[in-house]
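**Q** Line by line, the protein sequences are chains A and B.
My numbering applies: residue 99 is where the first sequence begins, and numbers increase by one.
My numbering applies: residue 47 is where the second sequence begins, and numbers increase by one.
Rather than coming from a laboratory, the hints here were simulated on the basis of the structure.
It cannot be assumed that every hint is accurate.
To be verified - Computed far set for chain A versus chain B, every beta-carbon distance over 12 Å:
hint: 1; residue: Gly-131
hint: 2; residue: Ile-147
hint: 3; residue: Tyr-170
hint: 4; residue: Phe-176
hint: 5; residue: Val-178
hint: 6; residue: Ala-186
hint: 7; residue: Gln-189
hint: 8; residue: Ser-194
hint: 9; residue: Trp-224
hint: 10; residue: Phe-239
hint: 11; residue: Phe-316
To be verified - Computed from the model, here is a short list of chain A residues facing chain B with C-beta under 8 Å:
hint: 12; residue: Phe-133
hint: 13; residue: Ile-187
hint: 14; residue: Lys-208
hint: 15; residue: Glu-287
hint: 16; residue: Glu-290
hint: 17; residue: Leu-291
Built from N, CA and C at the ideal position, the CB exists for glycine as well.
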Amino acid sequence: MRISGYLISLFFLFNGYSTLSQDLVIHPDSVKGKFIPTGVRFGAEAINIVRTFTGDDLTELTFIADVDFYRYFLNVEFGVFERTRQNAIGQTYDISGTYFRVGPEVNFLKKDPEKNALFFGLRYGWTSLDDELRYSSPSSFYPTDENVISNSGLSASWFEMVTGLKVKIWKYLWLGYTARFKFGVDTFERNELIPHEIPGFGRADETVIWDFDYWLMFRIPIRKAPTVLFDE
Amino acid sequence: MKKTFLYILALFFMGVVSCADDPDCITSTTDFVNIRFYEMENRDVDTLAVNSVTVLGVDSVLLTDEEFRGTLRVPLNPLADSAIISFNTEFGRDTLVLTYQTSTRLVSEDCGIEILFSNVSYTRNDFDSIAIVNSTLIEEINEDIRIFN
Chain A
99 MRISGYLISL
109 FFLFNGYSTL
119 SQDLVIHPDS
129 VKGKFIPTGV
139 RFGAEAINIV
149 RTFTGDDLTE
159 LTFIADVDFY
169 RYFLNVEFGV
179 FERTRQNAIG
189 QTYDISGTYF
199 RVGPEVNFLK
209 KDPEKNALFF
219 GLRYGWTSLD
229 DELRYSSPSS
239 FYPTDENVIS
249 NSGLSASWFE
259 MVTGLKVKIW
269 KYLWLGYTAR
279 FKFGVDTFER
289 NELIPHEIPG
299 FGRADETVIW
309 DFDYWLMFRI
319 PIRKAPTVLF
329 DE
Chain B
47 MKKTFLYILA
57 LFFMGVVSCA
67 DDPDCITSTT
77 DFVNIRFYEM
87 ENRDVDTLAV
97 NSVTVLGVDS
107 VLLTDEEFRG
117 TLRVPLNPLA
127 DSAIISFNTE
137 FGRDTLVLTY
147 QTSTRLVSED
157 CGIEILFSNV
167 SYTRNDFDSI
177 AIVNSTLIEE
187 INEDIRIFN
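Bound conformation, chain A alone (with noise of 0.2 Å):
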């Protein structure tokens, strides 16, 4: 009698573990090893290459990498700057300098099976630049004398809120654009030279900046992905 309400409760535990394993679902979120990257993407922006290579008085080219955790991504800017601008009376202004931005990512097309990103994004802006300005006095009072003043290694930084998209075109070719909400900057207004632009962020007499940026990347797969189950 015993032995034989045993045999019982083993047919339903059984039983209730069959039914159990036909409806188990692996979330995304459970799946071991989540957060270890599975690829790297570099890249740099378009529309300042070809900027710089069909003017004479610009040369901008930045760079971008970002590594994935999951549906987060770290991501990394470099760019280096330079460019003369000139009029008709002969002023001529000169800046160079190089620029970072750094900061996080969240991807709200975590279930995207080409890894497609639909993104939003901080990021801390830091550059380190030297300008110099050179004019003769604009005055009709006095000697119109040639004047040059600079700065050196002066530095600003600012914050950004970005919004985008890295879209998956061919094999390890990927195309992207980045929205940025740039803000926080130094204007440097008690400077003897107030600089025209600042690299990375824009012009210098806005505090508050919308910018654009379009990416051709190359990702680097390090790992495939976890295999998940998705309860669609």
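Put chain B on the given structure of chain A with help from the hints.
**A** Positioned in the frame of chain A, the structure of chain B alone reads:
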């Protein structure tokens, strides 16, 4: 594949709507400092018998042989950090030494440069009293220094 197409479409759409902007050529800065004369006793605007007012480095005489009542506009040198102004009036000869700071920026190639005069102060004067009422020179402001005789 359909999703990818939509993403690419969105990329081109964003490319169409994005654009760059250039700064306006409108500037509010000026290289003139505005001086007004007041009576010491009742603090009213004074009418002054002026023989001459000159600025060191400026060839022309700002005022000469006139009854002056109003605002005296004195040009400052953007390549210097001080100005020496000599007054020859009914009260005798007086000298005012102004100091200031300049900040220069290129607005754009088309607009040229803009010079901001700030921290206007004085290091010497021979008047009964003087007051700096505005230390950053703006075109819309017509009184920067008050001189009391």
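**Q** Each hint should be assessed against the structure and marked as holding or not.
**A** Each hint tested on the structure:
Even its closest Cβ contact with chain B, about 27 Å, leaves Gly-131(A) beyond 12 Å, as expected for a residue assigned away from the interface. Its beta-carbon lying about 15 Å from the closest one in chain B, Ile-147(A) satisfies the requirement of being farther than 12 Å from that chain. The beta carbon of Tyr-170(A) sits about 20 Å from the closest Cβ of chain B, which is more than 12 Å, so the claim that it is off the interface holds. Against the 12 Å criterion, Phe-176(A) stays outside the reach of chain B, whose nearest CB is about 22 Å from its own CB.
In this structure Val-178(A) is separated from chain B by more than 12 Å, as the shortest Cβ-Cβ distance comes to about 20 Å. Its closest Cβ contact with chain B, about 8 Å, brings Ala-186(A) to no more than 12 Å, contrary to its assignment away from the interface. For Gln-189(A), the requirement that its beta carbon stay farther than 12 Å from each beta carbon of chain B is not met, with the minimum near 6 Å. Look at Ser-194(A): its CB is around 15 Å from the nearest CB on chain B, clear of 12 Å, so calling it non-interface holds up.
Look at Trp-224(A): its CB is around 22 Å from the nearest CB on chain B, clear of 12 Å, so calling it non-interface holds up. A beta-carbon of chain B comes within 12 Å of the beta-carbon of Phe-239(A); the shortest separation is about 4 Å. The Cβ of Phe-316(A) lies farther than 12 Å from every Cβ of chain B, with a closest approach of about 17 Å, so its non-interface assignment holds. With a least beta-carbon distance of about 25 Å to chain B, the hint placing Phe-133(A) at the interface is violated under the 8 Å criterion.
The restraint placing Ile-187(A) at the interface with chain B holds, with a minimum CB-CB distance near 6 Å, inside the 8 Å limit. Below 8 Å, beta-carbon pairs count as interface contacts, and Lys-208(A) has none with chain B, the closest being about 14 Å; its hint is therefore violated. A cut of 8 Å between beta carbons decides the hint on Glu-287(A): the least distance to chain B is about 6 Å, and the hint holds. Taken as an interface hint, Glu-290(A) checks out: its beta carbon lies about 6 Å from the nearest beta carbon of chain B, inside 8 Å.
The beta carbon of Leu-291(A) is positioned within 8 Å of a beta carbon in chain B (closest approach about 6 Å), and the interface hint is therefore held.
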